[in-house]
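Engineer: The lines below spell out each chain.
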Amino acid sequence: MDKRGDKGIKMKVSIEDKLFLDRFKVAEEPHIRIIDQATCRDSCEEQPCLYLCPANVYRLEKDHISVAYEGCLECGSCRIGCPQLNIEWRFPLGGYGISHKFG
Amino acid sequence: MKETFDVAIVGAGPAGIAAAYCLAKKKRKVIVFERGEYPGAKNISGGVLYGHDLAQVIPDYEKQRCPIERNIVESRLWYLSQDGGYSLSYRDKIFADERRHNAFTVGRAKFDRWFAEQAQGAGALVVSGTVVTDLLRDQQGKIIGVVTDRAEGEVRAKVVLLADGINSPLAAKTGFRPEPKSHQVALAVKEVIELPEEVVDERFAVESGHGVTIEVLGAVTRGMDGVGVIYTNKKSLSVCIGATVEDLARNKVRPYEMLELFKAHPMVAPLIKGGKPVEYMAHWLAEGGYTAIPQLWGDGFLIAGDSGMLFSALHREGSNMAMTSGRLAAETIIEALQAGDTSQAGLSGYGRRLQDGYILKDLKKYKGFGQFLRGHNEVFTTLPAVAGLAAREMLTVNGVPKKAKQKAIWRELRKTISLRRLAKILWAGWRSVR
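In order, the protein sequences belong to chains A and B.
Position 36, counted from 1, in the first sequence is what my numbering calls 36; the numbers after and before it change by one each time, with no gaps.
Position 277, counted from 1, in the second sequence is what my numbering calls 277; the numbers after and before it change by one each time, with no gaps.
These are calculated hints, taken from the structure and not from any lab test.
Computed from a predicted model, the values in this text were never measured in an experiment.
You may find that some hints are simply not true.
Have a look at the derived ranges for each label pair, beta carbon to beta carbon [unchecked claim]:
#	chain 1	residue 1	chain 2	residue 2	range
1	A	Asp63	B	Glu393	46 to 56 Å
2	B	Thr396	A	Arg90	50 to 60 Å
3	B	Lys273	A	Ser14	38 to 48 Å
4	B	Lys367	A	Pro83	23 to 33 Å
Lysine-lysine pairs mimicking DSSO-like chemistry, simulated, CA-CA at most 30 Å apart [said to hold, decoys possible]:
#	chain 1	residue 1	chain 2	residue 2
5	A	Lys25	B	Lys93
6	B	Lys235	B	Lys93
7	A	Lys62	A	Lys25
8	A	Lys12	B	Lys93
9	B	Lys402	A	Lys101
Positions of the beta carbon are idealized from the N, C-alpha and C atoms, including for glycine.
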């Protein structure tokens with residue numbers, strides 16, 4: 001079920017192409033996770049995480065929201081943007097995650 | 001770690017390193033914890049740095065091979081409508097001569113690394129790849145050190161400086177700075193687009209080593225409270241665009257789609273033509289202003305830089321404020337250590353120093369600006385279109401007499417916005433920055 005409202009933006013942008021430019025050191029354990037999927041499914045009308053994340057980490061699957069933490073840009077927007085405060089958010093382990101080349 | 005340091009600093013960004021450098025120069029035992037692989041690995045800014053504040057920490061930074069991208073000689077302000085826009089620009093020879101390095105662009109991964117090396121050269125210990133996960137307190141609640149994510153991760157210090165930036169779960173966890181509300185931070189995405197050095201020189205009509213900054217307002221943020229920038233680096237352009245987290249969430253606009261539309265705008269596209277994107281990043285900007293600043297010092301700790309919301313969105317000043325607040329924190333700490341009093345009272349010189357300088361004065365001056373933008377959304381929605389229409393029609397020569405043109409423009413304007421509202425916007429805008 002797509003709750004999307006895209007305000008007329010028709011552009012199809014590949015986020016994968018953008019993330020491919022960056023350097024990541026991916027940890028085995030995710031550093032961010034959704035606390036309770038049922039809350040997303042049953043209580044969250046807006047699901048802004050699906051659009052807000054600049055790395056498209058949160059994706060709507062058939063029956064849950066997947067969390068592609070490997071491409072996280074560590075901005076923290078999901079943590080404060082989730083209307084249900086349903087995201088457990090930590091920094092990646094020291095030295096892991098994204099490493100900027102130019103910055 | 002068994003030894004006790006004088007100061008433990010969280011974050012090897014401009015605030016943390018400026019403090020570390022000053023403290024190490026005065027022979028204080030200081031350790032800096034950086035969660036990135038290296039200082040700068042997790043840092044990003046639009047890219048403008050101001051020489052004045054850097055010189056107050058390292059006067060001979062040029063001689064010390066500070067990695068400078070371009071010296072800024074011209075600043076542009078663009079107000080864009082959908083297919084066009086206004087440009088106001090100021091260029092001055094003085095910025096190439098006597099006031100060279102008044103402002104220059106840097107890449108934070110390179111700059112922060114260099115800056116940290118200077119602090120290490122002065123005697124500071126900088127430990128990368130380490131996250132500070134909590135603060136240590138004594139029985140009375142005074143801060144006495146930090147907890148890191150390393151084995152045996154506790155490190156004691158007489159004072160802790162929190163300089164861990166705008167996104168700080170640590171600050172929220174420890175209660176020193178509540179999580180920003182979604183209207184208090186803007187989420188900006190940045191793309192670094194590579195271009196040959198001569199092409200940048202040509203496109204911006206600058207001599208080698210000099211550069212231009214462009215701040216962009218208007219339709220590019222899709223009606224949201226936000227801003228875009230284009231800054232010249234030696235062999236690349238920094239292209240950024242952002243809007244408040246609140247607006248992005250409410251409007252369901254993907255930040256990277258907004259970025260692509262920005263890049264496609266007829267005023268932007270020619271500047272980046274033929275360029276190769278080489279990096280894509282995202283970060284917050286502190287839009288909260290003066291009223292969002294937390295209590296900046298307490299028993300055993302101080303807060304500097306973005307972590308303390310010391311950022312002036314209107315004048316794009318952040319890294320310089322971070323450096324200066326770090327330096328002032330260091331001066332305060334040296335004073336407190338000498339007096340043997342690192343309690344809130346003993347560290348209160350920090351507040352005095354911040355008040356005496358420009359940081360708090362500037363933030364106070366502009367404290368109403370964020371509110372002005374939020375309360376007058378037309379600046380991003382209807383005004384760009386009307387402003388664009390006015391210029392477009394006036395510039396079109398099509399046999400329509402000028403008086404009739406003027407009347408048509410006026411009619412369109414009155415349809416879109418009442419004169420009273422327009423006057424209020426101009427008046428409120430002026431008041432908010434006066």
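Engineer: Could you run down the list of hints and mark each one as holding or not?
Structural biologist: Quick rundown of the hints versus the structure:
no. : hint                              : in the structure
1   : Asp63(A) to Glu393(B): 46 to 56 Å : holds (54 Å)
2   : Thr396(B) to Arg90(A): 50 to 60 Å : holds (57 Å)
3   : Lys273(B) to Ser14(A): 38 to 48 Å : violated (20 Å)
4   : Lys367(B) to Pro83(A): 23 to 33 Å : holds (28 Å)
5   : Lys25(A) to Lys93(B)              : violated (45 Å)
6   : Lys235(B) to Lys93(B)             : holds (22 Å)
7   : Lys62(A) to Lys25(A)              : holds (29 Å)
8   : Lys12(A) to Lys93(B)              : violated (43 Å)
9   : Lys402(B) to Lys101(A)            : violated (54 Å)
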